[in-house]
Structure formats: structure tokens, C-alpha cells
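Residue numbers (the numbering used here), protein chains in the order written: chain U, 1 to 296; chain D, 297 to 618.
Misleading hints may appear alongside valid ones.
[Unchecked claim] According to the in silico footprint, chain D covers these stretches of chain U (three or more CB under 8 Å from chain D): (1) 189-200; (2) 203-211.
[Claimed, not checked] Partner residues aside, some chain D positions facing chain U, computed with beta carbon under 7 Å: (3) Arg353; (4) Leu354; (5) Gly359; (6) Arg383; (7) Leu401; (8) Ala482; (9) Thr486.
[Said to hold, decoys possible] 27 Å max Cα-Cα, derived BS3-like pairs, lysine-lysine: (10) Lys496(D) to Lys570(D); (11) Lys181(U) to Lys319(D); (12) Lys315(D) to Lys303(D); (13) Lys380(D) to Lys181(U); (14) Lys303(D) to Lys380(D); (15) Lys303(D) to Lys593(D); (16) Lys319(D) to Lys299(D); (17) Lys181(U) to Lys379(D); (18) Lys181(U) to Lys303(D); (19) Lys366(D) to Lys380(D); (20) Lys496(D) to Lys303(D); (21) Lys303(D) to Lys379(D).
Calculated directly from the structure, the hints in this document are not laboratory data. Note that the structure is predicted; figures quoted are calculated from it, not measured. All C-beta atoms in this analysis are idealised placements derived from N, C-alpha and C, irrespective of residue type, glycine included.
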Amino acid sequence: MDTVKLTTGGGVKRGARRTSIFLKWTFFIPAAVLLLMVIMAIFAPVLAPYPYDQIAMTDRLMPPFFVEGGSTDHILGTDLIGRDVLSRVIYGARISLSVALLVILITASIGTVLGIVAGYLGGRTDAFLMRFTDTSLSFPAILIALLLAATLGPGYWTVVLAISLLGWAPYARIIRGEALKLREADFVAQARIIGTSPIRIMVRHIFPNIINPLIIMVTLSVGMVILTEAILSYLGAGIPPPAASWGNMVNDGRNLIDSAWWISLWPGLAIGLVVLAGNFLGDWLRDEMDPRLRQI
Amino acid sequence: MSKVILKVEDLHTSFFTRKGVVKAVDGVSFYVREGETFGIVGESGCGKTVTGLSILRLLPEPGGQVVGGKVIMDGTNLLELDKKEMRTYRGRVISMILQDPMSSLNPVYTIGDQIAEAVRLHQGLRDEMVQQEVISALRLLQIPSPEVILGDYPFQLSGGMRQRVVGAIAMSCHPRLLIADEPTTALDATIQAQYLALFKDVQKKTNVSIIFITHDFGVVANMCHRVAVMYAGKIVETAATSTIFKAPRHPYTSALINSVPRLDRKDERLYSIKGQPPSLLNLPPGCRFFPRCSMAKEICREEEPPEVEVGDGHSVSCWGVE
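With the hints as extra help, turn the sequences into a complete structure.
Spelled out as C-alpha cells, the structure:
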């Protein structure tokens, strides 16, 4: 019997799909935006023209350079106490992105482990873990975070903890669904037939097959986490000044929105861009990976 | 005659569902000798697969449960082992091949990795030795150029080749008993014939015993030394394959054999058994085949027929047998 070997089969098919310009750009632009933001965060001290907390009372409330009264010294203008908005946006990327990274790391890990265990073991374990997840999902996340900030005092780690506390639940739900589906897969049955232990099956057979939905969820939640951090900071429960986070910058400009709109606009734009980029990238990944998912 | 390695005694397996208790296997007994192929035939839903899964204790959970009987492998009752001990039997002593080769392999690992997993699990060998075992397993299933196939992913292989790989995984730890659950159903006719020949060859080389689960009497005639016919969770007739074809005693067995399409009778309409098998949720008293049986008598409605020995190794459960 001949072996039908398609050594380049997968590659050809996927390559052919990538030639579509539209698909290419929906991937390229959001990926570039995110990459840029990451570079900005890493090299903030080099890129920022001023320290983020340098106060210059003489240069208060300067508009961006293209508006009358603006100057190229402060391209995006200055805030109420004369801090350079551009520098603060650049530094803000550090906090916003690192919070997102940490939170996603924590929530995705917890959610994946609980989801796989619940989905694969089923029965009482599943019922218990899922009721726990449901309970977590039923709390209003923002209120819990505010409560936490009020108890622990606002700060970087409070924000991380507050968003992570309930953030794992959606992961657990979705991963559990995937694991439930895979539990019935023939290759899992085959693994049990040769005497593989449940833990090994979960690690070696279930986990690698849920990586696709996991990656998609992670990308989609980048925006959500940054938004939550911004909301918390905006409400005053987030990163306290003088540190710059996009959320607390928007908050700073709140009262001056009709006269000094630039204080809130630029960080708001940065939040919008990252959230959009994350969502687009997530959508693209989902479209790209779904046909393969269905094959399992 | 070679010795008996597996003995199943009065096996009862039930599924506990919301609608009630489904008695999928209801008092099944048989034995398998070393190096022989024992067939279990029956229509869909008669409990053949559940019998196979009960032996390995891999019933779908929650719900499926062995509620009675014994499964004795080499003197050990598998139903009394704890979970960990049972795992050491799976793959190493008893192995199984599932129906669908397309989904029995994990899409994210290479063929070599998947066979190696079984070998590592049970034999505790070093890497070079594992490699050798993997290649010899692929050779056993006559897979051409095994060294190349090792690095391939399942999607790169044809269905027939994948089914051989599944066979190689099952045989990689030299099991003494192989349960093959309709392994050829998903394959086309020519590949099927090759695969059956391959099974015989593997058996000749390794002296493995095979429980061959199928609904196809053609496959039974080709493969099995002895065969059990199952109907609605019970074995209705057990005999040597030649006896079953020459002198079936149970009306269900003869009806099944008559339903096989034959090349030498072209003009006739294909025979089929009227009616449906009974629901396993609430079985009627008496013989389970009674509503569909052409030879039904009054007693068949009231009492279950006992198993009677009618010849050497030939037993039937039917009131029509004196």
C-alpha cells in the first residue's frame, strides 16, 4: 500500500490563504501596533523627551504643537502641572502593558488548569469547579476591584490582584468546554487504552490541543485588561500618581476636558489603539485557527 | 489445545441514565485461548463494544459500570484490581484498537512520539532502545520505511496507514490479548482485506489472542476460530466458526447469516430481519429475540431460555433447541 504523504500539504494550504491582501493586513497592522507599544514600553527612558514626573509650572497646560500656542518642545502638550504628555503616554505603556501581561499570565494559567481538570475529570470535580466559576462570574468585577483597592490601598499590585481575582473564570469556562470535547476524542481513549495516567493525559493530550483557543482568548483579553486597568485608575482605585498609567492620565484630564482636551485624548487614543489591535489580532487568529480546530 | 488466557464469567455492565438503568451487557460468559481469534458478532447496540470496554475497564464515565461477574486474565480478576494496577495491564497485557483510524491519533504529535509513549510507559527503556522498539512495532504492522514515517504527523498519512499505526501502538508493548473493535469498518474494501491479512500475520508472529468485534459475518469467516453471537446484551450462541456457518442452531444466528449479501444469488431480494431489537431500558421477560423470531413458541414469551450445550464447544440459548 502506498503512503499518501503530503509533506508540504499543510504549508501549501495555509500559504495559499495568506496571499489574500485583506487577511494579511488585518494581521499586520494590529501586530505592528502592539509591537510598537511594547517597544515603547521597553525603551521608555530612551524615547521619552522628559522624565514622566518632571513638573514645570511655567509650561502648564500647553496645547499640542499643531494648535495655536503650542510648541515643538512639548509635541503633545503638557498637563495641569506642566508634565510632558508624550513622555507620560510613553511611560504609561510600561504600566498598562505590564499589568496586562501579569494579569493574563495569572488568569490564563489558573483558568487553564481548572478548566482542563474540570472538563477531563468531570463528575463531582467538574460540578464543584464550575459552580465556583459561576460564582466568580456573577460578581461585578469592577466593584470587587474597588472594594479591594479601598481595603489594600491603591497601587500596582492591587490592580493586578483585583483584575486577576475574577479574571480567570472566563478562561476556566471556555477551556473546560474544550476539554470536555477532547475527553471524548478517540485519541484520548487510545491513550487510556495503553495505560496512560489521567494527569499525563491532561498534560500531554488535552493541553496541546487547547492551545489554539487559549491563544485567541489571550489576545482578545489584552484589550479588556488594559481597559479594566484604565477604568480602575480613572476611578482612582488604580495606579496612584505621580506614576503614569493611561487610565490615570485620562482621569487627570477629566475636569479640563473642554479647555485642555489633549490631556485625556492622547492616553485615551493609546488605550483605544491597543484594545482595537488586540481584538483585531484575536479575531484574525480565531479565523485562521478555527478550520484546524474543527478537524480535531 | 492451547491454554485459556482470558475468561469472562457472567459479566453484567449497566449504564445508569436519567431514564433508568440500561443493561448493555447482561450475563455474558466466554473464554479466549492463547493465539486464537475469538469473534463477537451482533448488530449495532447489542453490547459488543461495551463487552470489550468492560474487559479493559474503560467504560464511559459517569454512568457506565460493571455491576457483576468476573474478568479473569491469567488467573487475576481484573475487576478487583485498583486503578493503578489496572493501568499496568492496559497496553502491556491487554490492548485495544478502536474503530476510527482518523481520530485515534493525537494530531499534535508525530507517529514516533505516539508509539514511544506506550513503550516508555510500560517498559522503562532508554531512548535508543525505545527507538528500536518503535521501529520494530512499525515493522510488525508492515509499515514501509518506518524510519521515515516516525517523523510524520497523523494528517500526513492515509487512512489505511493510520490504522496500521494504531495497530502498531496497540502491539508496541507485546500484549497477550488484543481487542479489535470493528477495526476495518472505516476502511474501504480493498484496504480492509489487506488489513485482515495483516492481523493474521501479526498473530502468527506474536501468538497474540484477539477478540474481534464486528457486525460482518464475512470478516468472521475470514478471521475467527470461534465466534459468539450477541443479541440485546446476551450471547445467544457460541461455536467454532465452521459450525456456526454449517449448522447454526439459534434462529437469530441463521437469520444474520442469511442477511449477508451473496455473490452467487443475484436475483433475490436481500433477506432482512423484521422489527427492531428491544430497548435495553425495559426488557421484556422471556427470550429477547422472541418478538422477531420466526419459530417463537408460547414459552419464549414467558421465560428466558437457558444456555444449552449442543455439541463440542457449541452452546445455544433457545427454547427451540432440544
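Now for the hints, and whether the structure bears them out:
no.: 1; hint: 189-200; verdict: holds (count 9)
no.: 2; hint: 203-211; verdict: holds (count 4)
no.: 3; hint: Arg353; verdict: violated (10 Å)
no.: 4; hint: Leu354; verdict: holds (6 Å)
no.: 5; hint: Gly359; verdict: violated (10 Å)
no.: 6; hint: Arg383; verdict: holds (4 Å)
no.: 7; hint: Leu401; verdict: holds (6 Å)
no.: 8; hint: Ala482; verdict: violated (11 Å)
no.: 9; hint: Thr486; verdict: violated (9 Å)
no.: 10; hint: Lys496(D) to Lys570(D); verdict: violated (35 Å)
no.: 11; hint: Lys181(U) to Lys319(D); verdict: holds (26 Å)
no.: 12; hint: Lys315(D) to Lys303(D); verdict: violated (32 Å)
no.: 13; hint: Lys380(D) to Lys181(U); verdict: holds (25 Å)
no.: 14; hint: Lys303(D) to Lys380(D); verdict: holds (22 Å)
no.: 15; hint: Lys303(D) to Lys593(D); verdict: violated (33 Å)
no.: 16; hint: Lys319(D) to Lys299(D); verdict: violated (31 Å)
no.: 17; hint: Lys181(U) to Lys379(D); verdict: holds (24 Å)
no.: 18; hint: Lys181(U) to Lys303(D); verdict: violated (35 Å)
no.: 19; hint: Lys366(D) to Lys380(D); verdict: holds (19 Å)
no.: 20; hint: Lys496(D) to Lys303(D); verdict: holds (22 Å)
no.: 21; hint: Lys303(D) to Lys379(D); verdict: holds (20 Å)
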